[in-house]
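Protein chains in written order, with my numbering: chain U, 1 to 82; chain Z, 1 to 452.
Simulated from the structure, these hints should not be mistaken for lab results. Source: prediction; values computed, not measured. Check before you lean on any hint, since a few could be wrong.
[As the list claims (entries may be wrong)] Computed list of lysine to aspartate or glutamate pairs in EDC-like fashion (alpha-carbon distance at most 16 Å, straight line): (1) Z:LYS60 to Z:ASP278; (2) Z:LYS389 to U:ASP67; (3) Z:LYS431 to Z:GLU45; (4) Z:LYS246 to Z:ASP297; (5) Z:LYS388 to U:ASP67; (6) Z:LYS164 to Z:GLU141; (7) Z:LYS63 to Z:GLU97; (8) U:LYS43 to U:GLU32; (9) U:LYS2 to U:GLU39; (10) Z:LYS389 to U:ASP57; (11) Z:LYS389 to U:GLU62; (12) U:LYS43 to U:GLU62; (13) Z:LYS389 to U:ASP58; (14) Z:LYS200 to Z:GLU157; (15) Z:LYS431 to Z:ASP336; (16) Z:LYS388 to U:ASP57; (17) Z:LYS13 to U:ASP22; (18) Z:LYS167 to Z:GLU141; (19) Z:LYS3 to U:ASP57; (20) Z:LYS3 to U:ASP58; (21) U:LYS53 to Z:GLU7; (22) U:LYS38 to U:GLU11; (23) Z:LYS164 to Z:ASP132; (24) U:LYS63 to Z:GLU7; (25) Z:LYS324 to U:GLU62; (26) U:LYS43 to U:ASP79; (27) Z:LYS388 to U:ASP58; (28) Z:LYS324 to U:ASP67; (29) Z:LYS388 to U:GLU62; (30) U:LYS53 to Z:GLU2; (31) U:LYS2 to U:GLU32; (32) Z:LYS424 to Z:GLU45; (33) Z:LYS430 to Z:GLU45.
Listed here are the chains, written in short residue letters.
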Amino acid sequence: MKIKKNVAISESGFIFNPTTGDSFSTNPIGLEIIRMLKEEKSKDEIRKSILSKYITDDSTFEKDYYDFVMMLQTNQVADDSE
Amino acid sequence: MEKIRYERPVIKKLNTGVMNKYGTRTEYAPVTNIDGARVKDLIAEFGSPLFVMSEQTIRKTYKDAVRAFTTRYPKVQFAWSYKTHYNNAICSVFHQEGSWSEVVSGFEYNKALLNGVPGNKIIFNGPDKTDDDLILAINNESMIHIDHLDELYRIIELTDELKKRPKVAIRVNMDTGVYPMWDRFGFNYESGQAWDAINKIILTNKMDLIGLHSHIGTFMLTPSAYAVAATKLSDLAFHIKSKFGKNITYIDMGGGFASRNTLKGSYLMGADSVPTFDDYAEAICSALLNSEYSKEDLPLLILESGRSLVDEAGFLLGTVLANKRLSDGRKATIMDFGVNILFTSFWYEHKISPAQEFSHYTEDSVIYGPLCMNIDVIRENITLPPMKKGDNVVVHTVGAYNMTQWMQFIAMRPNIVMIDMDGKPHLIRKKETLEYMNSLEITPEYLKGFKL
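Modelling step: build the complete structure from the supplied sequences, incorporating the hints.
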């Protein structure tokens, strides 16, 4: 899973994909995950980071992460290349 | 480091300058309490889902309606529409405020009597009145609103048996310029059926025709239709006076006033588009005052409003069961309440508010109920903050019809509480139990016991 190189991400969570011309907004935790993906952190590293910072549990993170990543792919912000 | 509140990660495509089918964001503030009672506390004590009625809102709305009419017309009486919400506590609030009762079945009639309403303050509408119902109503001197000729002839027969003169009115249906025209109840005005029924009642001399009634429709968004109805009923009353020298004691305009809910397909929010009590009152009262009545003969104006008086006083508290992603990418949230207890979601876009703090990020969602049925959709499109399993929501404006038309399907009907004027909750209907449901069923002996 990689965030596409040409996708622009602002500090406030505004995302622009110049390939499709689409723009998006994301919430602060979504922005954190996108940044970590951009830094090519693994899912385990992202999990540890989120669980240490937020009041949540492993299974909640697992299903929300899966759903979020799927939406990044659907919206062509990320692709599933390794 | 202290951990911070978790919110599900969301990404939302921006459609700048383009309208989308989800509309604008619906709710900015969480609803954490109702009349001072905390939503979380109510759910903890009474369970979820939970219907909550606000006594404060009922009394305020009733007073608003009464003021709108009594400042325009000298003789006004409201009769609480039992079918809208016949919970005894709710009915008692309306009766304490001075409302008579309007019922449409023997069940409702007896409920009103048990609530302490005198028989002569009960209006008996509807097409289904059994002999026992009619005898009870005649003996109690209730106002019987005749729906069809078969009922009229049966009442004539009963007067001979009972040796009593029932107090009756006829229900009149008519063209008021709105579509659809309700013509299945009562006698038609334009075709002469109503005048024919009036002549039969008066000339048989077995009962006293004291009123004229109409109920032109439901969720009426055009107050002028009531002006047409009031004018036509007044014309009938004037003809009765001219031909028979009899005064009609009351004109009953029925109900049908809209609540502040938003109808599906409506361009504007209900709160911005539905007429006010003053709009309806101005149309009806002006029509009556401008008719042929002399000052002394002005009839009592009866109103049978239900929905507009109680809808906003009702809330449904619920809990998120799950979130899932549909095949087309839409977010779906499954609640613990469905169309079985929120019947009105078939025709309203109910406002739904989160019951806890949230950030300003939102998602376009579909709200489903928990039933294993494809039709169990509470909102097809709604914009809400990301909610997680266990979060609570408040559904607004659910006080009318849901707690009488609800279905015991798959699950039991939940508790109803009423928040009193001091913010204290009272359980006014217990949730159903398996024991209660099973107590109504009888399994024949030969079907008991089997091997699998």
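The hints, checked one at a time:
Taking the CA atoms of LYS60 of chain Z and ASP278 of chain Z, the gap is about 15 Å. The hint holds against a cut of 16 Å. Restraint check for LYS389 of chain Z and ASP67 of chain U: satisfied, since their Cα atoms lie roughly 15 Å apart, inside the 16 Å limit. Between the alpha carbons of LYS431 of chain Z and GLU45 of chain Z the distance comes to roughly 13 Å, so the proposed pair stays at or under 16 Å and holds. A threshold of 16 Å between alpha carbons decides the hint, and for LYS246 of chain Z with ASP297 of chain Z the separation of about 10 Å falls inside it, so the pair holds.
Taken as a hint, the LYS388 of chain Z and ASP67 of chain U pair is honoured in the structure, with Cα atoms around 13 Å apart against an allowance of 16 Å. Distance hint between LYS164 of chain Z and GLU141 of chain Z is fulfilled; the C-alpha atoms sit about 9 Å from each other, no more than 16 Å. For the suggested pair LYS63 of chain Z and GLU97 of chain Z, the alpha carbons sit about 8 Å apart, so the restraint of at most 16 Å is met. The straight-line distance between the Cα atoms of LYS43 of chain U and GLU32 of chain U is roughly 13 Å, inside the 16 Å bound, and the hint therefore holds.
Of the pairs offered as hints, the one joining LYS2 of chain U and GLU39 of chain U holds, with about 9 Å between alpha carbons and a cut-off of 16 Å not exceeded. The suggested pairing of LYS389 of chain Z with ASP57 of chain U holds, with an alpha-carbon distance near 12 Å, which does not exceed 16 Å. Between LYS389 of chain Z and GLU62 of chain U the CA atoms are separated by roughly 14 Å; this keeps the pair inside 16 Å, and the hint holds. A C-alpha spacing of about 10 Å is found between LYS43 of chain U and GLU62 of chain U, which places the hinted pair at or below 16 Å, so the restraint holds.
At most 16 Å may separate the alpha-carbon atoms for a hinted pair to count; LYS389 of chain Z and ASP58 of chain U meet this at roughly 14 Å. Our distance criterion of 16 Å between C-alpha atoms is met by LYS200 of chain Z and GLU157 of chain Z, whose separation comes to about 14 Å. In summary, the hint linking LYS431 of chain Z to ASP336 of chain Z is supported, as the alpha carbons are separated by about 15 Å, within the 16 Å threshold. Note on LYS388 of chain Z and ASP57 of chain U: the hinted pairing holds, with a Cα-Cα distance of about 12 Å set against a maximum of 16 Å.
Proposed proximity of LYS13 of chain Z and ASP22 of chain U is supported: the alpha carbons are some 7 Å apart, at most 16 Å. Our distance criterion of 16 Å between C-alpha atoms is met by LYS167 of chain Z and GLU141 of chain Z, whose separation comes to about 6 Å. The suggested pairing of LYS3 of chain Z with ASP57 of chain U holds, with an alpha-carbon distance near 12 Å, which does not exceed 16 Å. Between LYS3 of chain Z and ASP58 of chain U, the direct Cα distance comes to roughly 15 Å. Compliance with the 16 Å bound is thereby established for this hinted pair.
Among the hinted pairs, LYS53 of chain U with GLU7 of chain Z is consistent with the structure: their alpha-carbon atoms are about 12 Å apart, no more than 16 Å. Pair hint LYS38 of chain U plus GLU11 of chain U holds up; C-alpha atoms about 14 Å apart against a cutoff of 16 Å. Restraint check for LYS164 of chain Z and ASP132 of chain Z: satisfied, since their Cα atoms lie roughly 15 Å apart, inside the 16 Å limit. At most 16 Å may separate the alpha-carbon atoms for a hinted pair to count; LYS63 of chain U and GLU7 of chain Z meet this at roughly 13 Å.
Straight-line distance between C-alpha atoms of LYS324 of chain Z and GLU62 of chain U comes to about 13 Å, which keeps the hinted pair within the 16 Å bound. Pair hint LYS43 of chain U plus ASP79 of chain U holds up; C-alpha atoms about 15 Å apart against a cutoff of 16 Å. Restraint check for LYS388 of chain Z and ASP58 of chain U: satisfied, since their Cα atoms lie roughly 14 Å apart, inside the 16 Å limit. For the hint linking LYS324 of chain Z to ASP67 of chain U, the alpha-carbon distance of about 8 Å falls within 16 Å, and the restraint holds.
This hinted pair checks out: LYS388 of chain Z and GLU62 of chain U have alpha carbons roughly 13 Å apart, not beyond 16 Å. For the proposed pair LYS53 of chain U and GLU2 of chain Z, the alpha carbon gap of about 8 Å is at most 16 Å, so the pair holds. At roughly 14 Å between alpha-carbon atoms, LYS2 of chain U and GLU32 of chain U fall within 16 Å of each other, so this suggested pair holds. With a CA separation close to 13 Å, the supplied pair LYS424 of chain Z and GLU45 of chain Z stays within the 16 Å bound.
Between LYS430 of chain Z and GLU45 of chain Z, the direct Cα distance comes to roughly 13 Å. Compliance with the 16 Å bound is thereby established for this hinted pair.
Every hint, counting from the list given before, is met by this structure.
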